[in-house]
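In order, the protein sequence lines correspond to chains A and B. Basically our numbering = 1-based index in the first sequence + 480. Basically our numbering = 1-based index in the second sequence + 7.
Don't read these hints as lab results, they were simulated from the structure. Treat each hint with caution, since some may be false.
[Said to hold, decoys possible] Only some residues are given here: those of chain A computed to face chain B with a beta carbon under 7 Å:
#, residue
1, Y532
2, Q536
3, T547
4, M551
5, M558
6, F577
7, V584
[What the hints assert, rightly or not] Pair ranges (Cβ atoms, derived):
#, chain 1, residue 1, chain 2, residue 2, range
8, A, A604, B, L101, 39 to 45 Å
9, A, S504, B, D185, 29 to 35 Å
10, A, A611, B, M27, 32 to 38 Å
11, A, A645, B, P93, 54 to 60 Å
12, A, A645, B, V26, 42 to 48 Å
Glycine included, every Cβ here is placed at the ideal spot set by N, Cα and C.
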Amino acid sequence: MSLEIVDLVKVFGAVRAVDGVSLSVASGEFFTLLGPSGCGKTTLLRLVAGIYPVGQGSVRLNGRDITRAPMHRRNLAMVFQSFALFPHLSVFDNVAFGLRSRRVPRDETRERVTEALALVKLDAMAERFPAQLSGGQQQRVALARALVVRPDLLLFDEPLSNLDARLRDEMRFEIRDLQRRIGITTVLVTHDIEEAFVMSDRMAVMQAGKIMQVGRADEIYRSPASRFVANFVGPINELALGGIEMVDGRRRALAAGALRVWLPQSGGMGNGRTNLVLRPEALRVAPGEIGTDNSFPAEIVDVVYLGGNSECRVKVGSLQLSAVMPSVVAARLRPGARVSVGWDADDGVMLDAG
Amino acid sequence: MQDRRIPAPWLFAAPLILVMAIGFVWPLLQALVNSLHPNTPQGIDVTQWTFGNYKRLADPFYGEILVRTLRISFAVTAITGLLAYPVALYLARLSPRAQSLVILAYISPWLVNTVVKALGWTLLLRTNGVVNTILLQLDIVSTPLKLMLNETGVVIALIPGHFIFVLLPLWAAVSGLDPALSWAAGTLGARPSAVFWRVILPLTLPAFVAGLVINFIMNMTAFAIPMLLGGARNMVASMLAYQVNLITLDWPMGGALAVTLLALTLAIVWAGQKFAMQLAAGRGLRP
Numbered sequence: 481m482s483l484e485i486v487d488l489v490k491v492f493g494a495v496r497a498v499d500g501v502s503l504s505v506a507s508g509e510f511f512t513l514l515g516p517s518g519c520g521k522t523t524l525l526r527l528v529a530g531i532y533p534v535g536q537g538s539v540r541l542n543g544r545d546i547t548r549a550p551m552h553r554r555n556l557a558m559v560f561q562s563f564a565l566f567p568h569l570s571v572f573d574n575v576a577f578g579l580r581s582r583r584v585p586r587d588e589t590r591e592r593v594t595e596a597l598a599l600v601k602l603d604a605m606a607e608r609f610p611a612q613l614s615g616g617q618q619q620r621v622a623l624a625r626a627l628v629v630r631p632d633l634l635l636f637d638e639p640l641s642n643l644d645a646r647l648r649d650e651m652r653f654e655i656r657d658l659q660r661r662i663g664i665t666t667v668l669v670t671h672d673i674e675e676a677f678v679m680s681d682r683m684a685v686m687q688a689g690k691i692m693q694v695g696r697a698d699e700i701y702r703s704p705a706s707r708f709v710a711n712f713v714g715p716i717n718e719l720a721l722g723g724i725e726m727v728d729g730r731r732r733a734l735a736a737g738a739l740r741v742w743l744p745q746s747g748g749m750g751n752g753r754t755n756l757v758l759r760p761e762a763l764r765v766a767p768g769e770i771g772t773d774n775s776f777p778a779e780i781v782d783v784v785y786l787g788g789n790s791e792c793r794v795k796v797g798s799l800q801l802s803a804v805m806p807s808v809v810a811a812r813l814r815p816g817a818r819v820s821v822g823w824d825a826d827d828g829v830m831l832d833a834g
Numbered sequence: 008m009q010d011r012r013i014p015a016p017w018l019f020a021a022p023l024i025l026v027m028a029i030g031f032v033w034p035l036l037q038a039l040v041n042s043l044h045p046n047t048p049q050g051i052d053v054t055q056w057t058f059g060n061y062k063r064l065a066d067p068f069y070g071e072i073l074v075r076t077l078r079i080s081f082a083v084t085a086i087t088g089l090l091a092y093p094v095a096l097y098l099a100r101l102s103p104r105a106q107s108l109v110i111l112a113y114i115s116p117w118l119v120n121t122v123v124k125a126l127g128w129t130l131l132l133r134t135n136g137v138v139n140t141i142l143l144q145l146d147i148v149s150t151p152l153k154l155m156l157n158e159t160g161v162v163i164a165l166i167p168g169h170f171i172f173v174l175l176p177l178w179a180a181v182s183g184l185d186p187a188l189s190w191a192a193g194t195l196g197a198r199p200s201a202v203f204w205r206v207i208l209p210l211t212l213p214a215f216v217a218g219l220v221i222n223f224i225m226n227m228t229a230f231a232i233p234m235l236l237g238g239a240r241n242m243v244a245s246m247l248a249y250q251v252n253l254i255t256l257d258w259p260m261g262g263a264l265a266v267t268l269l270a271l272t273l274a275i276v277w278a279g280q281k282f283a284m285q286l287a288a289g290r291g292l293r294p
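Isolated chain B, as found in the complex:
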């Protein structure tokens, strides 16, 4: 038979590599180079090299913004993680048709423009909004809760939108499990909770962690929802980046911010994955 191997398989990836190189890697390198030059009223001084932009990030003003961004992102990822398993386990037991309908429902936040979605949340969460009106009517609270223009509002509004990034891989992993695994564990005397901890969790952990990682990155880079539900007093990193790059036009500072955020996010993702794999190894899971 004729040898039908493709002579240069990398050619298939070439178009995307080209787009990514021009549209992402090149600007990123540019930002890195910019971040090492000082900004002057005349523009970027390419003759000078400095770490000054990074030193400015240590200022409490910037530090507070970075810590707030991390705090919100962790909170959203943690709550999503807790909610995702029950949904995925329930979903996997439905009929295929019902499963696709529920998945569609969870994807639906993405059918709406982010700004419109954020405005929608303000209608729900503001002092005389839908949520507070109901809570007051039912006498659950006596004064309206402050549900927006603070971090609470940002977390509430980010969870539904970014939920799907954890649910999708987890659902695929859970529904891909041989149901006989659970039955085998059950007939061998494991109660349902033990079946989850000893069989389902260890076998779906890699997919779960992958979902959490994507979710966390999405939280770190969210813009419209923190802007409209957090407000100017609860600035997060993406808002700062917007301000620095497009309002004050301090590109070296913007570059330093981008590089720092990238390094921070990568470090957290790497640590999270390492931790999860160690947890899995403790349960006998081979990565």
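In isolation and in its complexed conformation, chain A is listed as follows:
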């Protein structure tokens, strides 16, 4: 394990910003801390960087205990949301900063800086100053400045949120490709689900200083561990369940007090109330029979065109459900039409309503 965090706690006044977090990031892995603002993800990253002193717990990097090490001795590098380029230094001097701190000889410094600038395609800009660069170019300088010191760990704090949407999409892939090519262990902090899904090997979803779930993007999206995670990583339909019974070895329940639905084979029957969670794209909407495990007559309320996909809202009795489907499919649906809505039992997830 490259980065190992054990029971980390950080308290600011009355707020437990990081509340007993344990994590392992493998060597060469791209790991993301994902969560809403104020969930403690940035604090956690800053604890790893040594910007804030650790309250309790420990941080190990490549087997070395760095819990109390000052930040200049951790041999890691960080890319900041504001890029934090030194405005009084040229691009070359910005990138050389870390090498000069490490007293790398002059010739080697020049060589490595040139190499790093070539890596981010900024060789022609070495003499410019940060204020003379575009946002995307500043981002690349920040990246080169971090990579040139050959850190054991690369940290990103919302690195793309200061870029415009199109550039952000490009940079996601560019940073991911660069990270894979170099094979450097990386931790990224973001509140942007798409960014986390595109860039990371694994991610941790955080809420209120705690980790709610760790896993690959598909695991988190398809098998969320809680309603919070399910809700945070994408839109959901929720049906309260009651009166669960066994019929021919399969579970059935009364959903939303009105629909008799087949339940997925596995998944939580806790002690409390349970909700059935359905992703909009798991729902099928069509005229006539649709052949799914669960199927109900419904009326279309609205069809909203979103580009490649469309959202179709339907009413089943007093219950409203949202379905997402390719726009070519949705084109045949009209508001007010009588249709069927349905889903396969195993596309549902049962989660504690608590």
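Starting from the known structure of chain A, fit chain B onto it as the hints suggest.
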């Protein structure tokens, strides 16, 4: 949309320009003209033109006063400069509420009349004053230190009052820095001292120099504190100006003194700024 540009923006500055022209520029020109006329028992002889008043300033009596004024002003500015960075760096890390309280504390010398303040300093610094009593009681000194009626006293008393002129711009500059700049430097391997010399100092130097310039000018023109803590034997330029203009009523001589002081101060300020900008350029800072 309607063009809402203001037809004559200089009108906004006109009232102040008028006040400055009547209250400052005109008397200054008057002083300059006076300084070129000889003074006679009958009054200023406007028919004669002379450099005699300036030649008299070269007299060792006046020369000594000018040199003493410069020496005190430099000493205060230098000590203030050394003290200001630690305070500004500390201040910028406090909570906004604590910051305003500390700033208020540093401004508080200005809530007290200068003469009263100077008298207060005499209570602290005189031979049997508070400072000497404590030093004697603690056996740190065996005979009282001479802390006033000399240049030491003037320097001690000027530092707290004029400190705020360096602290305020420097504090604004330091707290305006993106904290991520220091973090970036730190994570890149710079120890805290290197973060200061390579990042914080070059980025706040213009504000620092601006503060030092104001501080120096304030020191050059201080009156009540040099008067009460320096005494008549440690005369500075402002006391001389008072004497010449209001006691001996030699306005031509007073004019020559004013013009010389103005030229001297401007020259030093200009040189100081040029030096600081060169220092900054050496560190890669663009003015």
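Structure versus earlier hints - violations, ascending order: 1, 2, 3, 7, 11 and 12
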